[in-house]
Amino acid sequence: MHAIVELTVNGDRKTVAVPAHFTLLEALRYGLGLTGSKQGCDKGDCGACTVLVDDVPVLSCITPVWEAEDREVRTVEGLAAPSGLHPLQDAFDRYGAAQCGFCTPGILMSAVALLETNAAPTRDDIKEALSGNLCRCTGYTKIFDAIEDAARVTSEERRAAVQATSEERRAAQAMSDEGRATSGGPAVQEAGT
Amino acid sequence: MRPEDLRERQVQSAVPAEELAELVEGLTVIGGRHRKVDGAGKLTGHALYTDDLVLPGMLHGKILRSPHPHARILSIDTNLAEALPGVHAVVTGKEMAVAYGIIPWTRDEYPLCVDKVRYIGDGVAAVAAVDEDTAQQAIKLIRIEYEILPPFLEPEDALQPGERETIHEAGKPGRNGNITKHVRLEFGEVDRLLGESDVVIEGEYFFEGTTHTPIEPHCALGYYDPRGKLTVWSATQVPHYLQRELARVLDLDVARIRVVQPAVGGAFGGKSEPFDLEFCVAKLAMKSGRPVKILYTREEVFYAHRGRHPMKLKYRTGAARDGQIKALDGKVLIDGGAYASFGLVTTYYSGQLLPAPYVFESYRFDSTRVYTNKPACGPKRGHGSVQPRFAFEVQLDKLAEALRLDPMELRRRNFLGEHKRTINELRVTSNGFLQCLAAVEQASDWKNRYRKLEYGRGLGVAGSCYISGTNYPIYPNEMPQAAIQIQIERSGRVSVLTGASEIGQGSDSMVAYIAAEELGVPLDYVRVRSTDTDLVPVDLGAYSSRETFMVGNACIDAARKLRTLVQETIALEWQVPSAQVVLAGGWAFDAKDTARRLNIVEAFNLAEAKHGPLAAVGSYNTPKDVHGSYRGGTIGASPAYSFTAHVAEVQVDVTTGVVTVDQIWVAHDCGRAINPVLVEGQMEGSTYMGFAEALMEEQVFKDSEHGRAGLHNAPSLLDYRIPTSLDTPEMQSLIIESIDPEGPYGAKEAGEGPLHSSIPAIANAIYDAIGVRMDALPFSPPRVWRALQGESPLQAWERARSGGRRTDVAAD
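Order-wise, the sequence lines are chains A and B. Quick note: the first sequence, position 155, residue 155 per my numbering, numbers continuous. In my numbering, each residue carries its 1-based index in the second sequence increased by 1000.
Okay, chain A solo, but in the shape it has when bound:
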């Protein structure tokens, strides 16, 4: 039996017909074609499926899809601005914090939620916030480093924004974008696509 569910995903209102027992993850991946969120265990153990529901990290593989109705769902596909990477994605890229990349979407969403509630997290705060996301490649070190870096970049931007007039703000943004583009070596085209 199918259910028709209305979801708001990354700001878009969507209506999707899926089997009534589908989880939010299945609805995203197989109903809406948003395959960025991953299934690693299908029982809430690994965190690869983490998405934000009303800004809170949620294990979408054990969340029935109807629980997300009329709520704001955010996934990894909604992070980057059209012109570039989110500061967290950019930091992960420079620090080599994604190896196989399979846990990465979930980790990014946990990290986004952390930085939105705690602009200057300590390393222990970061470890705590990621404790529901298993990574098997990196040993976490580069992930912690990248999140610390992104927090610095984000808070610098925020400070600049508070001080600056709207015009100055645009200039500061352009400068920091330029700095990011060169600080970790040139960005490279994706392979194999």
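Hint data in this document are derived by calculation from the structure and do not stem from the laboratory. None of the values given here were measured: they were computed from a predicted structure. Beta carbons are placed, not taken as given, at the ideal position from N, Cα and C, and that holds for glycine. Check each hint, because a few of them may be wrong.
Simulated coverage check for chain B against chain A, where a stretch passes if three residues somewhere in it have a Cβ under 8 Å from a Cβ of chain A [to be verified]:
#1 1258-1271
#2 1499-1509
#3 1711-1725
Chain B: place on chain A using the hints.
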């Protein structure tokens, strides 16, 4: 727009012209901290993994698995399943009754069992249906009649089958069909030198089985087109071997099979041979005429396994008073699980990879791999050598204590050196082991802290070595071990076509850095196309730490052919020697006068005008004269070896037995870091994985007294405990560059070596902390707590601090 204007717009990422003088000498890309070429795709959710692929009309498959550890199949009835609406195809073992196995000499498994099942989880039948629910329902309708046989769960039991039916048929009459392989090799006079040793350390060790646990479960998608071409997309790390085995088992022309490896979500050796799902999606697609996908559940990943072999190891190490190792005698019993997998090689590796980085005056090992009715073990990161390395490095710690030597010093005194042969005749070239020891000694403030921390805190050291690829491919042939093709298009875009398997370690990026270095283009001008057997030259895959060394060398070979062509073209224009033409940073320029320059696209266009389209193939083959001169002497032979040293710092809570690893320093000789970011990532990931095996991980099965014999004890990511962000210690990576004479720019492996000594360093640190030896893995709270119960813990520790427990030392 004039062509000149177009050129102005080209190579926007080139190095500014005024900085060209800095590019005349040295490497411009290699050694830099660059981004990965596939980073952005993985970070935005756009990279496609196998389960992200959907084809029109795609069916979903499920595999029915055996509930018995050892049983004969009497009959299979699939009628009800076939009649279920929505089911398009059902397949059983008889339809693919060709034995396969990654090692050509030990083919002992079938895509689906034919006559017998050999472990709980062995595949018996598969269905393809319109959706997963229907497929699941269908496999429940398949009726199988079994004759249950007594299972063998312990290797000692399997060695003595008596009248019981063995797991496999014996290779020769009278042999025990429960034995995969027995290897006994002796170099020098072990017995005599043991007798002449001043100190002999004897120890027995147990290394528990562990499994890879990639976060991406195995997944495969098959499609058989109406003209008879089979395509299989799979989360594999060996597309070439998969293509060959699909052809053999399905009796298809290998030229009509295309294997594509999409992005892979972690492998660690766990996807380095064909699995049942790959054959099943192919056969079900052929039977149904529709694309078929199978995604393992997490439970199935645990049962598919092919992970670390449990090993029981006994060692006798004899040494002179000055610490020189005179003899090592090892006996190893290897629990292989139900099938051979890579087990023939594992059996050799359990002995062959131990002699470096040290000098042994004599060495003997006797290793036996036996079958048991459990999921098959195979190659996990550091294949076959992690277990003996743990045991031996703890032996060295005991030896150092018996001789009242600093364990760092003991290792230095036994250092093999550069450009030497080991006792088992393996050729070692570059060797930065001493620098590794020095680096961790300094970083950990070893001299001021070892044996000086308070009760409950300790430091431990260990060393290790690993291969950079194997000198011989898995199936014997004379063709190159690695090949690559590079094409330069008129826009200046460089395409690298490679069979190297990108599994997160960065092989796509590695070849891109090399192409950019050699051809002088910015990194964003390089596109890498990997692991599609229709497009790329053959590469053997991501195993045995071979990609950087072998594919890197093949990439240099191809790129230099093109570079030479371009240099010669420009040199002729400018009337200078071609060596004076530098290709770097997006330019072709005169080394003696950087004002004379062309952007690299113009240089490529001139070369294309003169020579035709720019493309070249390159290859690498291993030296064939560097192995041992005895039977088995080719196994363990590698063109180069990496070296590692670890120091771990631990805290032990003596009331609970909980061990906390606070910090690990890891120094690794990777020859040269092509990209230090990626090398550090491998060092940290390896060290973490060793830490995980040391403290937490156990791939264990129930016996008949604790449930159903042969049932996995905890096939979930909650119960099979892998470290979270809160468990993992802080790690510091120290890169040592010994510049190997044969590696690409001097590079060697970094992906597996830095796992090994992580484990014994922790064991030795626990001894420093509490004076108790941990000779069995994992060092879980119950084990540590029990080890502390034998005597007054404080007394044991004080004895350790005052010069050692003499009980495990048999002095002459």
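Q. Failing hints, ascending?
A. none
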